[in-house]
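**Q** If you want the building blocks of each chain, they are given just below.
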Amino acid sequence: MIQIENLTYQYNKSEPILSFPNITLDKGKNLLILGESGIGKSTLLHLLAGLIKPITGKILINEITLNSLKNNQLDQFRGKNIGLAFQKKYAIESLNLMNNIKARLFFSKVVVSDERIEVLLKQLDLFDLKESKVSELSEGQLQRLSIALSVIHNPQVILADEPTSSLDDKNCKVVIKLLKKHAKQTNANLIVITHDHRIKPFFQNSIKL
Amino acid sequence: MNIWSISLQNIKTKPLYTFLSVLILSLSIALLLGIQQLQWSFKNQITNNLGEIDLVVGAKGSPLQLVLASVLHLDNPTGNISHSEALKIGKNPLVKYSVPISYGDNYKGYRIIGTTHAYTSLYKAEIEKGNQVENAMEVILGNDVALKLNLEIGDSLKSSHGLVQNSFEEHHNLLTVVGILKPTQKVIDRLIVTSLESVWEMHEHEDEENHQENHNNIDHHEKEITSLLINFKSPRALLTFPRRINKQTKMQAALPKYELHKLYEYIGVGFKTISLMAYLILVISGIIIFISLYKMVKERSFDLALFRTYGASNFQLIKMVFYEGLIIVFSSFFLGILLLKVGINTILFFMENNQHQSILQEIPSKNLLQIAILTIIVVVISVSLAIDPIIKMNISTILSNEK
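Protein sequence lines correspond, in order, to chains A and B.
Mind the numbering: the first sequence is residues 0 to 208 in numbering that gives the first Met the number 0, read in order.
Mind the numbering: the second sequence is residues 0 to 402 in numbering that gives the first Met the number 0, read in order.
Hints listed in this document are in silico derivations from the structure and should not be mistaken for laboratory results.
Cβ coordinates follow ideal geometry from the N, Cα and C atoms, glycine included.
Incorrect hints may appear among the rest.
Here are the in silico distance ranges between beta carbons for each label pair [stated by the list, open to error]: (1) B:387 <-> A:7: 50 to 58 Å; (2) B:361 <-> A:127: 54 to 62 Å; (3) B:329 <-> A:200: 56 to 64 Å; (4) B:387 <-> A:196: 39 to 47 Å; (5) B:14 <-> A:63: 43 to 51 Å.
With these hints in hand, go ahead and build the complete structure from the sequences.
**A** And the structure:
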């Protein structure tokens with residue numbers, strides 16, 4: 000379960016304070032957050048991932064208050080429980096595809112069987128590319144790798160930041176379906192933020208920032 | 000998967016920077032080690048090879064040359080002195096014992112020195128195999144000579160005239176090996192020791208042959224030696240003894256300790272200059288490593304932010320950069336040592352006529368450790384400066400900006 004209350008954030012003193020609506024999301028439910036660029040959608044996602052700390056307000060993920068965690072506890076919590084998928088630049092360039100997965104698991108301190116890695120990569124049609132350099136992958140393959148990296152460690156919360164904006168209608172549909180499918184497999188919360196209205200029909204819950 | 004392997008992969012993706020960093024760092028390490036090795040060898044050479052020699056008496060000329068030739072066996076001698084005159088000096092009550100030496104020949108570049116049994120005791124050299132020289136035309140070998148030339152007791156050798164190896168001025172007489180000395184780490188290891196009589200015999204023979212061209216007023220029957228090495232009963236003799244010889248005889252007396260110290264002072268300026276340059280290069284290589292790591296941190300800030308989203312702590316990212324620095328240091332250190340060995344061997348190869356008199360010694364591990372620590376300090380400083388952006392980075396800003 001995810002709960003957000005009275006959340007505000009400010010990048011630096013000269014910039015306006017961003018404030019966010021209260022949100023409550025039950026376990027296993029998905030949420031679409033729509034909004035135009037520049038109104039702090041990504042900021043909300045980063046707050047949820049514990050990458051930055053709010054000025055005021057409270058974030059509760061599965062009974063744990065993120066604000067109360069110390070830095071290293073927050074790193075560990077994020078590694079185990081959160082999966083982030085991005086719009087672009089999804090992986091570490093100096094590592095090949097398989098090593099990206101392995102590095103992700105290493106930092107998350109989560110042990111996953113080789114079988115699970117194989118199954119996941121096959122589902123995403125990436126298994127044959129496991130030795131490939133990141134720079135050799137196509138846009139679509141990178142997008143799928145980003146999904147693999149966000150779900151491989153069975154997180155409680157999957158956060159996707161504009162996962163479809165650079166994709167055509169067909170691939171847009173594929174990506175959303177994959178994200179939803181993997182969220183369902185592990186009973187995780189999926190939160191997608193986007194300005195892409197094409198994906199609105201796929202979600203029951205949506206809010207507008 | 001661990002941080003080491005990620006660091007290694009990172010390094011592999013920027014070969015040019017890595018190559019540059021390793022190259023300049025290893026050069027400065029080689030230079031630092033090289034200068035230390037030279038300085039160490041030189042110091043060692045002075046303290047070690049003096050043995051018990053307090054004073055050298057030889058023909059007039061440069062005192063330094065006399066010392067170099069008679070003590071370190073590096074330069075040509077200043078000339079000859081009369082054996083009977085030298086014997087008179089040796090009988091002085093202030094003298095504990097004296098050793099005449101005479102030379103002018105070599106075998107395959109190793110100097111043959113005619114002397115008495117006392118010579119080996121100057122260096123406390125003991126016989127390993129065989130026995131001391133008893134008759135003319137017998138030799139004992141320094142340990143290095145026996146090893147390098149693969150000579151055994153009973154072998155005979157034909158010496159050549161002069162101090163440098165050549166084949167066109169060979170003597171006809173054969174010298175026979177009767178003994179081999181234990182290693183001493185001193186100059187005697189590289190010498191072939193025989194009796195004064197052997198040297199005289201070889202040269203008398205030659206004088207007869209070259210009688211016409213070599214003709215001069217010197218009485219052929221007067222025996223000559225190159226110099227006399229003296230050990231005093233008390234150091235007080237050093238105050239008066241050399242002055243008396245310099246004033247009252249045609250010979251000169253040189254204090255090896257003083258001459259070599261003077262030489263060391265001269266060369267010391269060079270050592271200092273090169274050391275300074277080496278340290279400067281070390282600092283420059285530190286700056287280059289800093290720049291390359293700093294650039295890496297800046298250029299790949301998104302990668303680093305991505306690691307943070309995976310749950311990596313700041314400390315892990317710092318470790319990652321630090322390991323990259325360490326990999327550069329270790330490869331540079333080994334490359335540096337390799338460069339040094341290759342460099343020194345190349346120099347020795349081109350100075351071939353001196354190779355047998357090489358004064359180089361292995362650098363002591365203490366100095367090696369010192370330079371290793373110094374290098375690590377420089378790299379730690381440059382890494383610490385380079386990781387500054389990691390500590391200050393706002394992951395959210397980086398992730399948003401990359402879109």
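**Q** Compare the structure with each hint and give your call.
**A** To see whether the hints hold, each was checked on the structure:
1. The hinted window of 50 to 58 Å between residue 387 (chain B) and residue 7 (chain A) is violated, with their beta carbons roughly 29 Å apart.
2. The hinted range of 54 to 62 Å is satisfied by residue 361 (chain B) and residue 127 (chain A), whose Cβ atoms lie roughly 55 Å apart.
3. Checking the proposed 56 to 64 Å range against residue 329 (chain B) and residue 200 (chain A) shows it holds: the Cβ atoms sit about 58 Å from each other.
4. With their beta carbons about 43 Å apart, residue 387 (chain B) and residue 196 (chain A) fall inside the hinted range of 39 to 47 Å.
5. Taking the beta carbon of each, residue 14 (chain B) and residue 63 (chain A) are about 44 Å apart, inside 43 to 51 Å as hinted.
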